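So you can see what is in the structure, the chains are spelled out below.
Protein chains: 2
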Amino acid sequence: MAREIRDVVEQYVKLVGTGPTADIVDLYAPDAVIEDPIGTEPKQGHEAIREFYDVIASLERETSLAPETVRIAGNHAAFVFTLVTRAGGQRMTLSPIDAMEFDDDGRIIRMRAYWSAEDMSVEPE
Amino acid sequence: MAREIRDVVEQYVKLVGTGPTADIVDLYAPDAVIEDPIGTEPKQGHEAIREFYDVIASLERETSLAPETVRIAGNHAAFVFTLVTRAGGQRMTLSPIDAMEFDDDGRIIRMRAYWSAEDMSVEPE
Numbered sequence: 001m002a003r004e005i006r007d008v009v010e011q012y013v014k015l016v017g018t019g020p021t022a023d024i025v026d027l028y029a030p031d032a033v034i035e036d037p038i039g040t041e042p043k044q045g046h047e048a049i050r051e052f053y054d055v056i057a058s059l060e061r062e063t064s065l066a067p068e069t070v071r072i073a074g075n076h077a078a079f080v081f082t083l084v085t086r087a088g089g090q091r092m093t094l095s096p097i098d099a100m101e102f103d104d105d106g107r108i109i110r111m112r113a114y115w116s117a118e119d120m121s122v123e124p125e
Numbered sequence: 001m002a003r004e005i006r007d008v009v010e011q012y013v014k015l016v017g018t019g020p021t022a023d024i025v026d027l028y029a030p031d032a033v034i035e036d037p038i039g040t041e042p043k044q045g046h047e048a049i050r051e052f053y054d055v056i057a058s059l060e061r062e063t064s065l066a067p068e069t070v071r072i073a074g075n076h077a078a079f080v081f082t083l084v085t086r087a088g089g090q091r092m093t094l095s096p097i098d099a100m101e102f103d104d105d106g107r108i109i110r111m112r113a114y115w116s117a118e119d120m121s122v123e124p125e
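Protein chains in written order, with my numbering: chain A, 1 to 125; chain B, 1 to 125.
Worth double-checking, as some hints may not be accurate.
Claimed, not checked - Incomplete in silico selection of chain B near chain A, CB under 8 Å:
| # | residue |
| --- | --- |
| 1 | ARG71 |
| 2 | ILE72 |
| 3 | ALA73 |
| 4 | GLY74 |
| 5 | HIS76 |
| 6 | TYR114 |
| 7 | TRP115 |
| 8 | ASP119 |
Bear in mind the hints are in silico, worked out from the structure with no lab data behind them.
Quick caveat, the model's predicted, so the values are computed rather than measured.
Glycine is no exception: its CB is placed at the ideal position from the N, C-alpha and C atoms.
So that you can see chain A by itself, here it is in the shape it has in the complex (with noise of 0.2 Å):
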């Protein structure tokens, strides 16, 4: 299991940065519930997930793994990860802690991101 949440981490966030959006929303159960960043209001399903996602599909993006913040405890992921989106002239940088919880089939049902404006910066380019 370990090994295949480790898998689902990756292929998440390499999605983030590359898209499409479809493919995002397919690492989560159907009645997934993520919060972004935790705290805000939850949001359930993979509508509300895929309108979630599609606010950056537009935008030209990168995104990179810290692999050494991995934790994986049973069902459950931790990791570091930062996305670069560019628009406008500007570039931003984000960097949260994910949170995320999987289903036995390796699903991700519940997803928590840790950050705020702090981990946040925006550069012109």
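The hints should help you fit chain B onto chain A, whose structure is shown.
Below, chain B without anything else, positioned relative to chain A:
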């Protein structure tokens, strides 16, 4: 609140390395719940939390926070830290991601630790 939470995270990691247990327990709200590692039976309340930290109280040990990993979102925090213990000629290193939730007084109400045997190493000193 973010500043206060960061202070508690720093105190927590320091106290796990130095004790006393009572000072660690004081960082928790009376009815706080810990799950370490996540997926194991949660332990609730100061007495159960005291028993949990008492396990390492007699060991020679040190801790370090990876400050660049600290993420704070509202009343939540997540971070990587490392605990090194020395006993019986062996050096054990454990490096979890801890996820914490805080009450409005800055006390920890929930701690969940992400780690498995893969994040632990044991070596002769």
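How the hints compare with the structure:
For B:ARG71, the interface hint holds, since its Cβ comes within 8 Å of a Cβ in chain A; the closest pair sits about 4 Å apart. Interface restraint check: B:ILE72 against chain A, minimum CB-CB distance 6 Å, threshold 8 Å, status holds. At its closest, the beta carbon of B:ALA73 sits 4 Å from a beta carbon of chain A; the interface hint therefore holds under the 8 Å criterion. Given hint, B:GLY74 at the interface with chain A, holds; its Cβ is 3 Å from that chain's nearest Cβ, closer than 8 Å.
Hint on B:HIS76 holds. Least Cβ distance to chain A is approximately 5 Å, under the 8 Å limit. The closest approach between the C-beta of B:TYR114 and any C-beta of chain A is roughly 4 Å, which is under the 8 Å cut-off, so the hint is satisfied. Interface hint at B:TRP115: satisfied, since its Cβ lies 5 Å from the closest Cβ of chain A, which is below the 8 Å cut-off. Satisfaction of the interface hint for B:ASP119 is found here, the shortest Cβ-Cβ separation to chain A being roughly 6 Å, below the 8 Å cut-off.
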